[in-house]
Amino acid sequence: MTRRARRTIPPRRIATSAAAATTAATAAAAHRWRVAALALMCVGSVLWAITAGTSAIGAGLAIRVLLSRVPVVSWLLPPLSHIEPGALEAAEVIVLDVRLPRIVLGLLVGAGLSVVGAAFQGLFRNPLADPYIIGASSGAALGATIGILMAGTALASPTWTIPVYAFIGSVATVAFVYALATIDGRVPTETFLLAGVVVGSFVWAAVSFLMVIAGDDLPRVVMWLMGSLSAKSWSHVRITAPYVLLGTLALVAMGRGLNLISTGEEPARFMGLDTERFKTAVIVIGALVTAAVVASSGLIGFVGLVVPHISRMLMGPDHRVLVPVSAAGGAAFMVVADTLARTLIPPREIPVGIITAMTGAPFFFYLLRTARGRR
Amino acid sequence: MRVEVQSVVFSYTRRRPAEHGAGAGRSGEPGVRGGGFRGRQDSLAAQRTYQNGTNGLVLKGVSLTARSGRLLGIIGPNGSGKSTLLKVIGGVLTPLSGQVLYDGQDIFRLRPRETAKLVAAVSASEQPVFPFTVEQTVLMGRSPYAPLFGDSPADLAIARECMQRTRVCHLARRKVTGLSSGELQRVLIARALAQRPKVLLLDEPTAHLDVNFQQEVMELATDLAHEAGLTVIAVLHDLNLAGKYCDDLVILVDGQVAAAGPPNDVLTEENLLAVYGVRAIVGRRPDVDRPAIFVVSGASRDATGGQIPEGYDGIGEGSDCDAQ
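Protein sequences appear in the order of chains W and L.
The opening position of the first sequence corresponds to residue -18 in the working numbering, with each subsequent residue numbered one higher.
The opening position of the second sequence corresponds to residue 421 in the working numbering, with each subsequent residue numbered one higher.
The hints are simulated quantities; they were obtained by calculation from the structure and are not laboratory data.
Even for Gly, the Cβ is constructed at its ideal location relative to N, Cα and C.
Treat the hints with caution; some may be incorrect.
Claimed, not checked - Now the in silico label distances, taken between C-beta atoms and shown as ranges: (1) W/T163 / L/V715: 43 to 49 Å; (2) L/R487 / W/L349: 35 to 41 Å; (3) L/P573 / W/L230: 24 to 30 Å; (4) L/T597 / W/A68: 22 to 28 Å; (5) L/N498 / W/M204: 56 to 62 Å.
To be verified - Partner residues aside, some chain W positions facing chain L, computed with beta carbon under 8 Å: (6) R106; (7) N240; (8) S243; (9) R250; (10) P298; (11) R329; (12) Y347.
So here's chain W without its partners, still in its complex pose (with noise of 0.2 Å):
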């Protein structure tokens, strides 16, 4: 029994059985401060960007302007004193009407990308894999690029061209590597992955011959491409907010199905999951969000990645708990990038997709150090 005991328990963490029947409890516990913190965040960061901007609107303005649209609070708040006519009317038209569209945008791409990221790591098993890495991203770049060319054609009302023709693209795309990857019946992951890069770099390909020939359409199809948040209204709201709300329900539901699939398809069947109904149902999901996402903002590159990855160094790997973190970490983010983008040097725009690169790789860079220290 000594020769036993010697050898499974390791020599620096001896845990006595008491304590380890209390891990879920303590774990709950800490993750619940983190939950808080990451609510803070997210209000801390729609707050900011509501009161930040060029114009010269006082914070406190701001906020007025905010809560007198809300039910109830509105009747609560103090009566406005010296206040120059017509300021609160051109107040109103800037925080609602300008800001607020792009900040709500802001929230359902960051939370829409992020959360898709997080169901593909865990689905392809990959912690590398994003929600451009099933060909979304090169589909939506066709579909815009020629919505973008044909922009005055019969073929194209002007307002729509390119979010639906993005979103028509993005989806074909995946739709023909899930029929590419496709072998009698099932979809393996590895062949899937495979076939959405090779048919991504076609698309891809097919998008830079585009280019070449678009003349002078080339710098809007660049800024597209690069993925911006900038005059936005709640019209790209509207058609963005129901892929995204009704696909973070369906994956955070999806929770411990992921969780069983991110051990292996073969593990995941024996543990009573239908595997292959899942693949498909989160794969359908993904895809659908993240055209709905880059239909309305271009391609946002890297919050996919980084988001669910960072939430998973910091609230473990269970996606129960990862997909929802994600998805409020992923919305604070894309905000606070989005407000940067537009303050950081008036009256210039920096497109959102360089500040989430930059703020995101140093910071992901940091954290993969520091974890690796501690493991």
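Using the hints, position chain L against chain W.
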């Protein structure tokens, strides 16, 4: 729970071979004899599929029976279809023909969730990618029973009990990505037990383990069979371990049952020569009345002086390049 495998034919290409009975590549039964025959070769299915070695069939009409309270070992050369057979038994791979019956019930008619309440498996190849804790990993075994959100106290209690069973409680908070092979193996067995299965499938449970862990895992497997009354089916490579611990053995060769019965009847010098192509001396263990196997030499046709029995033609099809 009694598990009956009835003339299972399986191919990874999911296509029925076009030419039944065509081609005259290989004929004749492998030259092996078995004892009590819990498993037996289904001659009809064998005749139908045995003709053409290149038709992609991995299992060519396998029949066997596993009973509760007994540890059934499946042995055989690499590529003989052992792991595939285990997956078919577990309902993960659907055979082209044949049945797998659990107390008479067809496993392929059950939903995956219901299947997982009957049968659990520990695969040899599972490598954790994400740093779940040991406790979280074992809790995953409760998935077939779990509510949509959260973990019920009952599930936590069962997970803890299963961790005690395989003695991994002290690892509860450790990450599975940082465990040794032996620790991981016991964690995965605990996870399988958390499914509260009636049938437990172990795919090479002793691979990569040191001698001590090997004994421990095999003792655990026999305990689960003899004391907990589970039907345990294990694919094994170590013939001495198989001979010592298993109640019944089945030798699988090229997708067919070559011999079946108690270890003393199955692990004979003739069978080992015929199946593995090795010359071995089979004696008695000094501790228990079970076979002890000493491999003398890995035989080629030359080494045994042309003594290879008729049924043996090397490992797979590749032993004679010139003929192809």
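Hint-by-hint comparison with the structure:
no., hint, verdict
1, W/T163 / L/V715: 43 to 49 Å, "46 Å, holds"
2, L/R487 / W/L349: 35 to 41 Å, "52 Å, violated"
3, L/P573 / W/L230: 24 to 30 Å, "26 Å, holds"
4, L/T597 / W/A68: 22 to 28 Å, "58 Å, violated"
5, L/N498 / W/M204: 56 to 62 Å, "58 Å, holds"
6, R106, "5 Å, holds"
7, N240, "6 Å, holds"
8, S243, "5 Å, holds"
9, R250, "5 Å, holds"
10, P298, "4 Å, holds"
11, R329, "41 Å, violated"
12, Y347, "18 Å, violated"
Of the hints listed earlier, those the structure fails to meet are numbers 2, 4, 11 and 12, in rising order.
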